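J.: Using the sequences and the accompanying hints, generate a full structural model.
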Amino acid sequence: MSNTKVALVTGATQGLGLALVEGLARRLGPGDTVYLTGRDPERVAKAVAQLPETAAEVRGELYDVADPGAATRLADLLRDRHGGVDIVFGNAVMRVGPDDDPAAVIDEYTEVNNFGTTRLLRAFLPLLRDGGRLLVVASSLGTLHQLAPVLHGRFDGLSSLDEVDEQVASWRDAIKDGSAKAGAWPMFINIPSKIAQVAAVRVLAGQRRPEDTRRGILLAAVCPGMMNTPTSGLWWDVTAAALPAEAAVPLLDLATGPVHPGHYGRLIRHGRALPWSPAA
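Plus 3 on top of the position in the sequence shown (first one is 1) and you've got the working numbering.
Treat the hints with caution; some may be incorrect.
Computed cross-link-like contacts, DMTMM-like style, restricted to lysine to aspartate or glutamate with a CA-CA straight-line distance of at most 20 Å [as the list claims (entries may be wrong)]:
(1) Lys179 <-> Glu169
(2) Lys179 <-> Asp168
(3) Lys49 <-> Glu64
(4) Lys179 <-> Asp110
(5) Lys184 <-> Asp102
(6) Lys49 <-> Glu60
(7) Lys184 <-> Asp104
(8) Lys49 <-> Asp67
(9) Lys179 <-> Asp103
(10) Lys179 <-> Asp104
(11) Lys179 <-> Glu111
(12) Lys184 <-> Asp103
(13) Lys184 <-> Asp110
(14) Lys179 <-> Glu114
(15) Lys179 <-> Asp102
Cβ-Cβ distance ranges computed for the label pairs, FRET-style [said to hold, decoys possible]:
(16) Glu166 <-> His273: 48 to 58 Å
(17) Phe191 <-> Ser280: 11 to 21 Å
(18) Leu54 <-> Pro281: 39 to 49 Å
(19) Ser162 <-> Val252: 32 to 42 Å
(20) Asp43 <-> Ala107: 17 to 27 Å
(21) Gly34 <-> Asp103: 42 to 52 Å
(22) Asp103 <-> Asp79: 26 to 36 Å
(23) Gln53 <-> Val153: 41 to 51 Å
If you're looking for bench data, these hints aren't it; they were derived computationally from the structure.
Values in this document were obtained by computation on a predicted structure and should not be read as measured data.
Cβ atoms here follow ideal geometry from the backbone N, Cα and C, with glycine treated the same way.
T.: As structure tokens, this is what we get:
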């Protein structure tokens, strides 16, 4: 059996995703492969070409997370090529700015950020080898502290990814028809979206914990912290924030270092598990 490792990063043509690819390629060794994925073939090819030479091979692959069938197709391709995967970063994100109308963007936003995440989890968790890592890039906004208590039950205590998807669809529809404005939903759509991503990880962790623990697998959501990027700069003053390459370091440590039992199924920021709810 081959001892070479296979890693995959979604949304990897720029920013944090590109930094994660470069960091993995530097940390992995000869014979290992890091897949840099994105939805635009020209941008994928350009991103691969700009990376420095490393011992691990970086390969570009098309993967549009908004395409309902794309996760299964890519998982089948990597299964055929390698038999399994060792590291997966779910980093693809549709970014929005302060001037975007939530009702106008919410369909595409949830398709990429939320349904894209649950499709990734369904397709790639079964491919993880012993010692594997699947890390969903979320945010410290992805906890129930950020949501009105009356809405906590929407994402707490769920038992399946289908239930997570149903709650996301219900929230999406409330944004579209305007009823969210009369309720307790925050108008910053990033908050419920990130909470739903963390909820998806928590659901699967509840199902998989004993077997994943036995096999040394880490499933977690991760928060890179505030980053100095053009999109973040639309919302906040990011002049003192970390650049993507700096923000990638603690995420790469999780992907390549020893597994901490307290990190499993949690939202991790700078090596520390954040509480999911005010009662935690």
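J.: State for each hint whether it applies.
T.: How the hints compare with the structure:
1. In summary, the hint linking Lys179 to Glu169 is supported, as the alpha carbons are separated by about 15 Å, within the 20 Å threshold.
2. With a CA separation close to 16 Å, the supplied pair Lys179 and Asp168 stays within the 20 Å bound.
3. About 12 Å separates the Cα atoms of Lys49 and Glu64, which keeps this hinted pair within 20 Å; it holds.
4. The suggested pairing of Lys179 with Asp110 holds, with an alpha-carbon distance near 8 Å, which does not exceed 20 Å.
5. Among the hinted pairs, Lys184 with Asp102 is consistent with the structure: their alpha-carbon atoms are about 17 Å apart, no more than 20 Å.
6. For a cut-off of 20 Å, the pair hint linking Lys49 to Glu60 stands: about 15 Å separates their Cα positions.
7. For the proposed pair Lys184 and Asp104, the alpha carbon gap of about 13 Å is at most 20 Å, so the pair holds.
8. In summary, the hint linking Lys49 to Asp67 is supported, as the alpha carbons are separated by about 17 Å, within the 20 Å threshold.
9. With a C-alpha separation of about 13 Å, the suggested pair Lys179 and Asp103 falls inside the 20 Å cut-off, and the hint holds.
10. Of the supplied pair hints, the one linking Lys179 and Asp104 holds, its CA atoms being roughly 10 Å apart against a limit of 20 Å.
11. Note on Lys179 and Glu111: the hinted pairing holds, with a Cα-Cα distance of about 12 Å set against a maximum of 20 Å.
12. At most 20 Å may separate the alpha-carbon atoms for a hinted pair to count; Lys184 and Asp103 meet this at roughly 16 Å.
13. For a cut-off of 20 Å, the pair hint linking Lys184 to Asp110 stands: about 17 Å separates their Cα positions.
14. With a C-alpha separation of about 14 Å, the suggested pairing of Lys179 with Glu114 holds against the 20 Å cut-off.
15. The hinted pair formed by Lys179 and Asp102 meets the criterion: a straight-line CA distance of about 16 Å does not exceed 20 Å.
16. At roughly 30 Å, the beta carbons of Glu166 and His273 sit outside the given window of 48 to 58 Å.
17. At about 19 Å, the CB distance of Phe191 to Ser280 agrees with the hint of 11 to 21 Å.
18. The supplied range of 39 to 49 Å is met by Leu54 and Pro281, whose beta-carbon atoms lie about 43 Å from each other.
19. A beta carbon spacing of about 35 Å between Ser162 and Val252 agrees with the range 32 to 42 Å that was offered as a hint.
20. At about 22 Å, the beta-carbon gap between Asp43 and Ala107 stays in the expected band of 17 to 27 Å.
21. Look at Gly34 against Asp103: about 44 Å separates their beta carbons, and that is inside 42 to 52 Å.
22. At roughly 35 Å, the beta carbons of Asp103 and Asp79 sit within the given window of 26 to 36 Å.
23. The supplied range of 41 to 51 Å is met by Gln53 and Val153, whose beta-carbon atoms lie about 48 Å from each other.
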